[in-house]
Structures are given as structure tokens and as C-alpha cells.
Amino acid sequence: MYSRAYKTAVTIPPLLWVTIFLLVPYAILFCYSFWSVSSAQTIVHNWNLQNYLQLARNPIYLQVLFRSMRIAASVTVFALLLGYPLAYYLSFHAAKRKDLLYQLVIIPLWASYLVRGYAWKTILGSDGVLNGFLQYLHITHKPVEFFLYSPFAVIITLTHIYTPFTLLPIYASLEHIPRNLVEASHDLGASPWSTFRRVILPLSLPGVLAGATFAFVLTLGDFLAPLLVGGPSGIMISNVVVSLFGAAYNWPLGAAISFCMMLLVVTLLFITERLEKRLVVS
Amino acid sequence: MTELAAHAAASGTAAAAASAPILSIRQVIKRFGQRPVLRGITLDVASGEFLTILGESGSGKTTLLRLIAGFEDLDSGEIWMGAERLDRLPAHRRQVNTVFQSYAIFPHLSVFENVAYGLRAKNTTPAEIPERVTQALAMVKMGEFAKAAPAKLSGGQQQRVALARALVNRPRVLLLDEPLSALDANLRRQMQVELKSLQREVGITFIFVTHDQEEAMALSDRVALLRAGLLEQVAPPREIYGEPATAYAAQFIGQTNLLRAEVRDGIAIAGSITWRTFGAAGNATYSLRPECIRLVAESESRGMLPADVATARFRGRIRNQSFGGAMDLIEIDCGGTHTLRARIASPGILTGEREFEFTANDAVRVREGEPD
Numbered sequence: 001m002y003s004r005a006y007k008t009a010v011t012i013p014p015l016l017w018v019t020i021f022l023l024v025p026y027a028i029l030f031c032y033s034f035w036s037v038s039s040a041q042t043i044v045h046n047w048n049l050q051n052y053l054q055l056a057r058n059p060i061y062l063q064v065l066f067r068s069m070r071i072a073a074s075v076t077v078f079a080l081l082l083g084y085p086l087a088y089y090l091s092f093h094a095a096k097r098k099d100l101l102y103q104l105v106i107i108p109l110w111a112s113y114l115v116r117g118y119a120w121k122t123i124l125g126s127d128g129v130l131n132g133f134l135q136y137l138h139i140t141h142k143p144v145e146f147f148l149y150s151p152f153a154v155i156i157t158l159t160h161i162y163t164p165f166t167l168l169p170i171y172a173s174l175e176h177i178p179r180n181l182v183e184a185s186h187d188l189g190a191s192p193w194s195t196f197r198r199v200i201l202p203l204s205l206p207g208v209l210a211g212a213t214f215a216f217v218l219t220l221g222d223f224l225a226p227l228l229v230g231g232p233s234g235i236m237i238s239n240v241v242v243s244l245f246g247a248a249y250n251w252p253l254g255a256a257i258s259f260c261m262m263l264l265v266v267t268l269l270f271i272t273e274r275l276e277k278r279l280v281v282s
Numbered sequence: 001m002t003e004l005a006a007h008a009a010a011s012g013t014a015a016a017a018a019s020a021p022i023l024s025i026r027q028v029i030k031r032f033g034q035r036p037v038l039r040g041i042t043l044d045v046a047s048g049e050f051l052t053i054l055g056e057s058g059s060g061k062t063t064l065l066r067l068i069a070g071f072e073d074l075d076s077g078e079i080w081m082g083a084e085r086l087d088r089l090p091a092h093r094r095q096v097n098t099v100f101q102s103y104a105i106f107p108h109l110s111v112f113e114n115v116a117y118g119l120r121a122k123n124t125t126p127a128e129i130p131e132r133v134t135q136a137l138a139m140v141k142m143g144e145f146a147k148a149a150p151a152k153l154s155g156g157q158q159q160r161v162a163l164a165r166a167l168v169n170r171p172r173v174l175l176l177d178e179p180l181s182a183l184d185a186n187l188r189r190q191m192q193v194e195l196k197s198l199q200r201e202v203g204i205t206f207i208f209v210t211h212d213q214e215e216a217m218a219l220s221d222r223v224a225l226l227r228a229g230l231l232e233q234v235a236p237p238r239e240i241y242g243e244p245a246t247a248y249a250a251q252f253i254g255q256t257n258l259l260r261a262e263v264r265d266g267i268a269i270a271g272s273i274t275w276r277t278f279g280a281a282g283n284a285t286y287s288l289r290p291e292c293i294r295l296v297a298e299s300e301s302r303g304m305l306p307a308d309v310a311t312a313r314f315r316g317r318i319r320n321q322s323f324g325g326a327m328d329l330i331e332i333d334c335g336g337t338h339t340l341r342a343r344i345a346s347p348g349i350l351t352g353e354r355e356f357e358f359t360a361n362d363a364v365r366v367r368e369g370e371p372d
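If you read the sequences in order, they're chains A and B.
Once you know that position 252 of the first sequence is 252 in the numbering used here, the rest is easy, because the numbers rise by one and skip nothing.
Once you know that position 143 of the second sequence is 143 in the numbering used here, the rest is easy, because the numbers rise by one and skip nothing.
A hint or two may mislead.
The following residues of chain B were derived to be distant from chain A, with all beta-carbon distances above 10 Å [said to hold, decoys possible]: (1) Phe32; (2) Gly58; (3) Lys122; (4) Ala166; (5) Lys196; (6) Gly335.
Distance windows between CB atoms, simulated [to be verified]: (7) A:Ile271 to B:Arg120: 28 to 34 Å; (8) B:Asn283 to A:Arg179: 36 to 42 Å; (9) A:Phe270 to B:Gly156: 53 to 59 Å; (10) B:Gln190 to A:His176: 51 to 57 Å; (11) A:Leu137 to B:Ser76: 27 to 33 Å; (12) A:Ile107 to B:Gly40: 30 to 36 Å; (13) B:Glu78 to A:Ile107: 45 to 51 Å; (14) B:Pro126 to A:Pro85: 30 to 36 Å.
For lysine-lysine, the following BS3-like pairs were computed, each having C-alpha atoms within a straight-line distance of at most 25 Å [said to hold, decoys possible]: (15) A:Lys277 to B:Lys147; (16) B:Lys141 to B:Lys152; (17) A:Lys98 to A:Lys121; (18) B:Lys196 to A:Lys277; (19) B:Lys122 to B:Lys147; (20) B:Lys141 to B:Lys196.
None of these hints come from the bench; they were simulated from the model.
Just so you know, even glycine gets a beta-carbon here, dropped at the ideal spot from N, CA and C.
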């Protein structure tokens, strides 16, 4: 058994860290959301619900929020569509190439987020790689404009960035499936497709759920991709928060949006965790 | 031996010999990389028989089973089921079911759904499923657990579910891969009895893999002894015990004394022990089971008998005696390098030099070395 002093010694630092750098700022943010900005551009501490009422009344905020959720849902779907087959191949069929392919999935995570964002800018732009290629093949005769600065560009970029995050938990859950279950299924007369549908897929659902949660939550809070490749039509809710804390100098409203977002995400995490627990068979 | 058991053993052998084989394994070779695992196996399995593939770990017994099930591809040779070439069919098209060593129960399905799995996979009429599943569960005495989650079951119960899940499909051959090895000794013995009576009841051909020779002897109509990828001997348990073909078979199945003798003029000579034999002259190895050696009462001790009579007699010093309840195990030093082990019913405490005898026919001439 560990001594009490030892337990305290290892518990206190992370607890302090979380309190000082997470809980206290959140509390401050929460307070801000009930304050307001005076005409002289100073923040006044008169407690009221104006910020929350404004969010409910002004449709622009809800529109941006819904767009963000649509983009997040699309990224989730695409990341799953790309990540699941690759994870499946890695786990069941890659054999000797497994380690190499696994590294290839991981390596992009070492490159900076910004680098990957700019890479997509280079690919999708008017003078970009994709347009150049299409014109070279005479498929198009002038640059296609909507590749870049659109929700489409945001979805492509974020799908690229977050696919490894969905792939890894799916891969882990596939690796956990005892192979004799697959053999037992074949043995009992189930075809490979039927085995996938009735054994492999159900047993990998916890991984799918974890991966989907990663993609959705990380996309929903993303502001760099819309900034780099999104353009005016690709603005997401975090960009609104950034501008409210920046140029617009309306910290209270920004804080109110942030708090609503946080509530949304925490609810989502709570639900998926409950679901995952039900899916995991002990 | 009871009359009933003798009758069952005899009829089992007769059935095995009479009917056409349900499964025919021909010249099967399997390598893993450079390493040969099966080096040419030819074996016919009769319909309705309980065949045990017995061997040490690494002998290739599980690989042979996996080839029949379709989990591995063979490198050469053929496996036939009746008139059907089995080794070219994918696992899910073979009329063979497997009970896995670790049971392989689907953890996300209830006991009922586990058993129904094969029926659903083969598009059985939905109306038929509940009845057949219930029947199968009743057969293994698991009827009341239909709704249970597999995680809640003990090892023995999972074992029964695995059996029901396989048998419900009415396979032509049931493969069992060391299914009892994970159970504790008591449960294991109980399951052995149940397994044997279940097999008689359903009449399905069982191919049972084990490394446990006692289990093999207790359950099987025939035992196929596998050694380093080759069949050492295939015979009913009594025959393989009574007339082992090789020194390895004699040692692996039960305990034995190996006597290396020189045969001359119908007499085998191993050190101070001589007995009558009908084998060819030259060097030969004989297997003599410990229980075939009898103690000669001191009052009856008449010195050496002539070498050519049916009973061989020898003197030896008692080196060690361990009490074993009904039978004591006695080590007899016969001089030179010859130490024999004898199993003798309650002889009391023996000391010094004593006289022993055995029936010459009980010394069975066996082949030695690698099978070829």
C-alpha cells in the first residue's frame, strides 16, 4: 500500500494545475457571460441575462452554430468512412505491412496543424495543385473558385486532420476482438460479410463511437481551418468567439457563446460515454 | 473390464471398420514458413466414431484440426468428406463445426443468440429456430441460461454453450480442440463422461484433440497418436495400449519398461532376463507394462525356469517402493543397466532380492526411433 503522504504528493500537482488553469478560468468566463459592455467600450459588472437573450434572439448566431454542427457531422462521417476501412485493413489484413502502415497513419500527426492547413490552401487554391491538374487534363478551362474558401474546403481539411483521431480508437477496438470469434463465426456457416456485420462491427462499435466523438467535438471547436481555407461562407462558431474576444471587443457575449458551446460538448460527451458503457461487453 | 464396456468397445471398432469413411485425409502436408508441421498424414475417419488425435504440444494435432475446419490451407494433400473435396471449400461452407479450446462464445450475444447463430447464418426458417435452440440447450443442461449474458457464465457453462452452439447445426463431423483443458480436474472428469454419452446420443462423428492420454483412452473408439507431424499409430485404445507399435507409443500411452534385447533362436535376452519370443533374430526393443510383472511368493520360489516356457522369471533387488493405494510401484534393479518398474497389488513391504515373473507374450516387440 502507498502511504498517505505519497498519495497526497502525487495528487496535489495535477489537481492544482486543473484548478488554476481550467476551473478558475472557466469560472471567470462564466461570470463574464453575465456582464456587459458599456458605450465607452468598457466591461461593466452589472449582472444580467442580456447576452444569453441576444444569442436566442439574433438568428445569425444560431445559423453559424448549426453550420458548425453540419460541418462537424460531415467531417465525422467522412473520417469514419475513411478511417474504418483503413483500420479494418490494418487490423485484419495488413500482416507484415501492419507496422509500416500504422506509422504512416501516425506520421501526419507530427506535422504542425498549420502546415497541414497551408498544404490544403496550396492544393485547393485558384493557382493550386488541384486546379492546375484539372486544367492540364483539360477537364476545366479556368480555375474552379469554390474549392477554396468554402465549407467544402473546411470539411476536406478537417477530415484530413482528424481521420487519424477516428482511426486510432477504431483500430484499438478491432485489435481487441479475439480472432477465434471470427473463426467461430465462419465455422458456424457465416460468410465473411455476414461475419463482419454480426461479429466484427458490433464489437468495434465502442471504438467507432469514441472516434466519432473525437472528430465531432474537435471539429466543432475548430477555428484555424475556417480561418485558413473557410472564407466568409465557411465561418464557424469558434471564429465568432475569436472575433468577439478580439476586434469586436465584446468579451461578455463571447463568454456566453463559449459557455453554451461547452454545455453542448459536455452533454455530448456524457451521452456518448453512457452509450459506450452499454456497448462494451465486460 | 465389465461386459458392457467390452461390448461397447467391440461394437465401436466393428462400426469403424464396416462403414465407408465420412472423412478421408490423404497425404496432408502443412508447413509454417520453413517449418514442417504435418509431414504427410493419411487417416480415414468412420461415420459415428469418436476419434481422438493425441499428441504432445507441437506435434501438429491442432493444425490438423484447423485444416479440417478450414482455418488453415494445406500445402499438399487432400481432405474429402464423402464425395466432396473439403479442403477447397471455405470454412463457412463446410459441414463441420468446432468447439474451441477457449470456447469463443460471442460476448455481445445472449446464450440463446450464440446457439442460434449458426442457424441464422444458414437461413433456417425463423419458426424453427427457438425449438432447435431450446433442444440444444436442454441437451447440455443449459436450458435455464438461455437469456443469460456469456460473461455471467462459468468456464464449464461456457463449455456447454459452445457444445450446444456447434451441435445445433447437426454437423457431419464435430471437431473439439482440447475443449476440457481449461476445466478443473473434477469438472473435467464429469464433462468427459457427459461428452461420451452425448456423442452416443447424437451419433455425430467426433474428432477430439488432446494431449492427455488418459482422456484419450477414456473417451475414444480410436486413438490417432501424432508425433512431430507424423502418425505414430492409429488404433482402438485397448490395442494401442496392449500392442503398441512403437517405443514412443508405448511410453506415451501409459507407463512401460523398454527392454533392449538380443533375439537368438526364439529367445530374447536382455541382461539377466530371458524370455521366449517369436520375432526375427537380431536386436529388438520390447515393451513390458509394469502391471504385467508379478511377484513370486517366496514359498513358490523355485529358481530359474527354462528359457523357452511361456513364463519368464528373473531375480532383482528392490530399489524403491512407493505406496499407491491399490497398487504399489516398485523399482527392481536387475543388475547392469536394467531397472524395471512393476505395479503390484498390495505386496506389503518388500526388501532385498526377490523373484518376479511375467508372461512372455506380454513383452511386446516395438519399433524404435523416428517413424518413417
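Cross-check of the supplied hints:
no.: 1; hint: Phe32; verdict: holds, 14 Å
no.: 2; hint: Gly58; verdict: holds, 20 Å
no.: 3; hint: Lys122; verdict: violated, 5 Å
no.: 4; hint: Ala166; verdict: violated, 8 Å
no.: 5; hint: Lys196; verdict: holds, 23 Å
no.: 6; hint: Gly335; verdict: holds, 55 Å
no.: 7; hint: A:Ile271 to B:Arg120: 28 to 34 Å; verdict: holds, 31 Å
no.: 8; hint: B:Asn283 to A:Arg179: 36 to 42 Å; verdict: violated, 50 Å
no.: 9; hint: A:Phe270 to B:Gly156: 53 to 59 Å; verdict: violated, 40 Å
no.: 10; hint: B:Gln190 to A:His176: 51 to 57 Å; verdict: violated, 33 Å
no.: 11; hint: A:Leu137 to B:Ser76: 27 to 33 Å; verdict: violated, 51 Å
no.: 12; hint: A:Ile107 to B:Gly40: 30 to 36 Å; verdict: violated, 48 Å
no.: 13; hint: B:Glu78 to A:Ile107: 45 to 51 Å; verdict: holds, 47 Å
no.: 14; hint: B:Pro126 to A:Pro85: 30 to 36 Å; verdict: holds, 32 Å
no.: 15; hint: A:Lys277 to B:Lys147; verdict: holds, 20 Å
no.: 16; hint: B:Lys141 to B:Lys152; verdict: holds, 16 Å
no.: 17; hint: A:Lys98 to A:Lys121; verdict: violated, 31 Å
no.: 18; hint: B:Lys196 to A:Lys277; verdict: violated, 41 Å
no.: 19; hint: B:Lys122 to B:Lys147; verdict: holds, 22 Å
no.: 20; hint: B:Lys141 to B:Lys196; verdict: holds, 15 Å
Consistency with the previously given hints fails for numbers 3, 4, 8, 9, 10, 11, 12, 17, 18, ordered from lowest to highest.
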